[in-house]
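Here is how the chains run, residue by residue.
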Amino acid sequence: MTYRNPPTTPRKSATFDDYTLSEIRRAAATGIYDIRGAGAKRKLPHFDDLLVLGASISRYPLEGYRERCDTGVVLGSRYAKKPIELKIPITIAGMSFGSLSGPAKEALGRGATLSGTSTTTGDGGMTEEERGHSKTLVYQYLPSRYGMNPRDLRRADAIEIVVGQGAKPGGGGMLLGQKISDRVAEMRTLPKGIDQRSASRHPDWTGPDDLEIKILELREITDWEKPIYVKVGGARPYYDTALAVKSGADVVVIDGMQGGTAATQEVFIENVGQPTLACIRPAVQALQDLGMHRKVQLIVSGGIRNGADVAKALALGVDAVSIGTAALVALGDNDPRWEADYNELGTTAGAYDDWHEGRDPAGITTQDPELMKRVDPIAAGRRLANYLKVMTLEAQTIARACGKNSLHNLEPEDLVALTIEAAAMAGVPLAGTNWIPGKNGF
Amino acid sequence: MPAINVSKATREQDHEQSRASRVFDLAEMPLRELNQTLHDLAPGSNETAWEVLHPKGSHSVAVGVDQPITIDVRGSVGYYCGGMNDGSAITVHGSAGPGVGENMMSGSITVKGDASQYAGATGRGGLLVIEGNASSRCGISMKGIDIVVHGNIGHMSAFMAQSGNLVVLGDAGDALGDSIYEARLFVRGKVESLGADCIAKEMRPEHLELLQGLLDRAGATGVKAAEFKRYGSARTLYNFNIDNADAY
Numbered sequence: 001m002t003y004r005n006p007p008t009t010p011r012k013s014a015t016f017d018d019y020t021l022s023e024i025r026r027a028a029a030t031g032i033y034d035i036r037g038a039g040a041k042r043k044l045p046h047f048d049d050l051l052v053l054g055a056s057i058s059r060y061p062l063e064g065y066r067e068r069c070d071t072g073v074v075l076g077s078r079y080a081k082k083p084i085e086l087k088i089p090i091t092i093a094g095m096s097f098g099s100l101s102g103p104a105k106e107a108l109g110r111g112a113t114l115s116g117t118s119t120t121t122g123d124g125g126m127t128e129e130e131r132g133h134s135k136t137l138v139y140q141y142l143p144s145r146y147g148m149n150p151r152d153l154r155r156a157d158a159i160e161i162v163v164g165q166g167a168k169p170g171g172g173g174m175l176l177g178q179k180i181s182d183r184v185a186e187m188r189t190l191p192k193g194i195d196q197r198s199a200s201r202h203p204d205w206t207g208p209d210d211l212e213i214k215i216l217e218l219r220e221i222t223d224w225e226k227p228i229y230v231k232v233g234g235a236r237p238y239y240d241t242a243l244a245v246k247s248g249a250d251v252v253v254i255d256g257m258q259g260g261t262a263a264t265q266e267v268f269i270e271n272v273g274q275p276t277l278a279c280i281r282p283a284v285q286a287l288q289d290l291g292m293h294r295k296v297q298l299i300v301s302g303g304i305r306n307g308a309d310v311a312k313a314l315a316l317g318v319d320a321v322s323i324g325t326a327a328l329v330a331l332g333d334n335d336p337r338w339e340a341d342y343n344e345l346g347t348t349a350g351a352y353d354d355w356h357e358g359r360d361p362a363g364i365t366t367q368d369p370e371l372m373k374r375v376d377p378i379a380a381g382r383r384l385a386n387y388l389k390v391m392t393l394e395a396q397t398i399a400r401a402c403g404k405n406s407l408h409n410l411e412p413e414d415l416v417a418l419t420i421e422a423a424a425m426a427g428v429p430l431a432g433t434n435w436i437p438g439k440n441g442f
Numbered sequence: 001m002p003a004i005n006v007s008k009a010t011r012e013q014d015h016e017q018s019r020a021s022r023v024f025d026l027a028e029m030p031l032r033e034l035n036q037t038l039h040d041l042a043p044g045s046n047e048t049a050w051e052v053l054h055p056k057g058s059h060s061v062a063v064g065v066d067q068p069i070t071i072d073v074r075g076s077v078g079y080y081c082g083g084m085n086d087g088s089a090i091t092v093h094g095s096a097g098p099g100v101g102e103n104m105m106s107g108s109i110t111v112k113g114d115a116s117q118y119a120g121a122t123g124r125g126g127l128l129v130i131e132g133n134a135s136s137r138c139g140i141s142m143k144g145i146d147i148v149v150h151g152n153i154g155h156m157s158a159f160m161a162q163s164g165n166l167v168v169l170g171d172a173g174d175a176l177g178d179s180i181y182e183a184r185l186f187v188r189g190k191v192e193s194l195g196a197d198c199i200a201k202e203m204r205p206e207h208l209e210l211l212q213g214l215l216d217r218a219g220a221t222g223v224k225a226a227e228f229k230r231y232g233s234a235r236t237l238y239n240f241n242i243d244n245a246d247a248y
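In order, the protein sequence lines correspond to chains A and B. For the first sequence, counting from 1, position 25 maps to 25 in the UniProt record's numbering; every step adds exactly one. For the second sequence, counting from 1, position 182 maps to 182 in the UniProt record's numbering; every step adds exactly one.
These are calculated hints, taken from the structure and not from any lab test. Because the structure is a prediction, the values reported are computed rather than measured. Hints may contain errors.
Claimed, not checked - Result set (DSS-like, lysine-lysine): computed pairs, CA atoms no more than 30 Å apart in a straight line:
hint, chain 1, residue 1, chain 2, residue 2
1, A, 192, B, 112
2, B, 229, A, 192
3, A, 246, A, 82
4, A, 82, A, 135
5, A, 246, A, 41
6, A, 135, A, 295
7, B, 56, A, 81
8, A, 389, A, 373
9, A, 192, A, 81
10, A, 295, A, 389
11, A, 246, B, 56
12, B, 56, B, 224
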């Protein structure tokens with residue numbers, strides 16, 4: 001018998017993991033960076049790293065089914081003659097017609113309207129089905145200005161000046177040729193089938209001083225009626241919030257890096273910007289330092305999934321949250337019922353993110369007339385409304401447990417963190433300690 | 001009969017009033033009141049001639065106007081004069097700050113002096129005439145507007161232009177038409193440099209005709225279309241190709 005040395009178990013590199021290796025091979029084969037939709041997929045400090053304390057001897061709870069817990073929020077009360085009033089503090093984030101199909105946009109409008117909240121246009125202008133089915137519609141004012149016109153500006157309920165988004169702070173929109181159908185091409189004044197390369201900067205203003213003048217112009221055009229939001233990607237939340245307030249915004253929207261996009265470079269999504277959790281406290285601090293907390297409203301988005309996320313975000317001082325990816329999932333995105341189709345595209349339900357290719361089996365991120373039939377706007381809108389209702393009830397459950405008769409009465413003192421990272425980012429104590437990393441010099 | 005005479009006299013008086021400009025003095029009234037008054041004009045209003053005095057560099061003068069009226073601004077304006085104009089004919093008897101006529105839908109804006117950056121940015125229709133020079137990024141992201149500049153234009157003009165016509169009687173600065181999708185650029189003088197994917201193109205009869213029409217409408221008398229060169233999109237960046245990466 002020959003003696004064989006005991007073998008070692010084959011070991012894969014943590015640095016060169018399977019995904020990394022596959023990406024190197026893909027890049028070498030194609031010569032093109034990877035483009036995909038959705039937000040950051042890497043593990044990040046998030047709301048799961050926070051816990052809510054609930055009631056105790058010093059805090060008494062509210063009865064779950066008897067005592068009120070208000071959920072309403074007013075946005076835009078600083079300057080707008082007609083602020084918008086929402087029944088729940090969860091709004092639908094901007095997603096373009098073009099990146100999404102017409103029926104998907106309609107479903108978002110229906111779901112939001114059933115729930116008493118707002119939905120938002122995107123980098124492609126306002127469609128009739130969206131305006132018609134959305135009681136409260138926020139009209140985005142983007143660098144590309146596709147489809148921008150004063151008539152739509154006036155029939156919007158609020159205007160959101162988009163400086164950036166969490167998936168790609170500093171990046172412009174992108175819509176590849178497959179999705180530039182006749183209708184999309186016409187709305188964007190582009191030749192059909194080309195790869196759209198949107199600008200990353202606004203064409204007619206740069207910097208906070210210009211922004212102030214731009215906001216004045218939009219207010220003058222709309223006779224000071226509409227709330228004006230300023231949306232930024234989660235890059236420098238303290239200064240961006242302060243500068244948006246200085247520029248005259250009614251509402252500041254901050255989108256963390258888990259916030260989705262229709263399409264951009266993978267390297268951008270995963271490496272530029274900050275997690276949502278890291279953006280909230282600096283933004284709230286900026287508002288507090290300026291004496292504008294609750295006077296200028298703060299909306300935060302990027303990875304909001306359930307009522308606990310909503311409650312925790314509100315406890316940290318935001319006025320409302322916004323959902324995009326979660327809303328698409330409620331409509332039917334990445335549904336396992338289409339698994340065979342996902343497999344054909346080389347992926348699996350839950351991982352599909354090639355939204356830019358326009359071949360979405362769920363019929364949401366496509367302009368293909370056959371695929372988009374898979375979205376029934378009425379049923380999908382109902383599902384979104386159900387989901388928003390559940391999120392709201394969940395958030396109320398948590399707030400009542402903390403003795404709060406309004407979601408907006410939740411406060412940082414209701415929270416602790418499970419990790420040092422989350423404690424430092426959220427500015428709340430590490431569980432079991434009174435230590436807030438970074439506070440008092442420690 | 002006397003009754004008829006009185007009625008006729010009243011009609012004539014009304015007619016005279018409608019022909020006389022309504023004067024709005026920004027030294028005495030706030031900008032908000034000017035824009036609100038212009039927005040409140042009902043379709044078919046006979047108050048069709050307006051005059052704005054003492055603009056003194058005010059921003060957002062006559063923005064969002066959507067009636068076919070004339071507005072004479074006596075002096076220089078700040079940012080975004082005539083922004084999103086839809087049908088009115090605005091004349092600035094002075095110079096204009098950044099973004100004059102931004103996102104214009106229809107109508108016309110004439111600047112007797114010079115214009116700052118981003119003149120006519122994202123404009124979708126109508127005619128913007130700059131009788132002096134225009135600064136950088138003139139016609140940036142233009143989407144159907146016609147722009148005629150009697151003087152020179154600065155760098156990065158017609159950046160990412162999508163549709164419309166930009167006519168320059170003088171010279172153009174660096175990187176003209178960078179990343180242009182479509183739109184026609186006509187320059188009579190020197191072009192400092194062309195931007196990515198912008199090339200000189202053949203001037204065909206239909207272009208000469210179009211250009212001559214624009215020159216006439218812009219009051220460029222005695223200038224011949226044949227003196228211009230045409231520039232536009234090479235269309236090599238329409239669909240991403242890794243071998244064009246240096247152009248991005």
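Hint check:
1. With a C-alpha separation of about 38 Å, the suggested pair residue 192 of chain A and residue 112 of chain B falls outside the 30 Å cut-off, and the hint is violated.
2. Taken as a hint, the residue 229 of chain B and residue 192 of chain A pair is honoured in the structure, with Cα atoms around 27 Å apart against an allowance of 30 Å.
3. Annotation: proposed proximity of residue 246 of chain A to residue 82 of chain A holds, straight-line Cα distance about 21 Å (limit 30 Å).
4. As the CA atoms of residue 82 of chain A and residue 135 of chain A are separated by approximately 14 Å, the hinted pair is consistent with the 30 Å bound.
5. At most 30 Å may separate the alpha-carbon atoms for a hinted pair to count; residue 246 of chain A and residue 41 of chain A exceed this at roughly 34 Å.
6. Proposed proximity of residue 135 of chain A and residue 295 of chain A is supported: the alpha carbons are some 24 Å apart, at most 30 Å.
7. About 28 Å separates the Cα atoms of residue 56 of chain B and residue 81 of chain A, which keeps this hinted pair within 30 Å; it holds.
8. Using a Cα cut-off of 30 Å, the hinted pair residue 389 of chain A and residue 373 of chain A holds, with the two alpha carbons roughly 26 Å apart.
9. Restraint check for residue 192 of chain A and residue 81 of chain A: the C-alpha separation of about 40 Å exceeds 30 Å, so the hint is violated.
10. A hinted pair counts as satisfied when its Cα atoms are at most 30 Å apart, and residue 295 of chain A with residue 389 of chain A qualifies at roughly 27 Å.
11. Under the criterion of a C-alpha separation no larger than 30 Å, the hint pairing residue 246 of chain A with residue 56 of chain B is consistent with the structure, at around 24 Å.
12. Distance hint between residue 56 of chain B and residue 224 of chain B is unfulfilled; the C-alpha atoms sit about 36 Å from each other, more than 30 Å.
Of the numbered hints stated above, those contradicted by the structure are hints 1, 5, 9 and 12, listed in ascending order.
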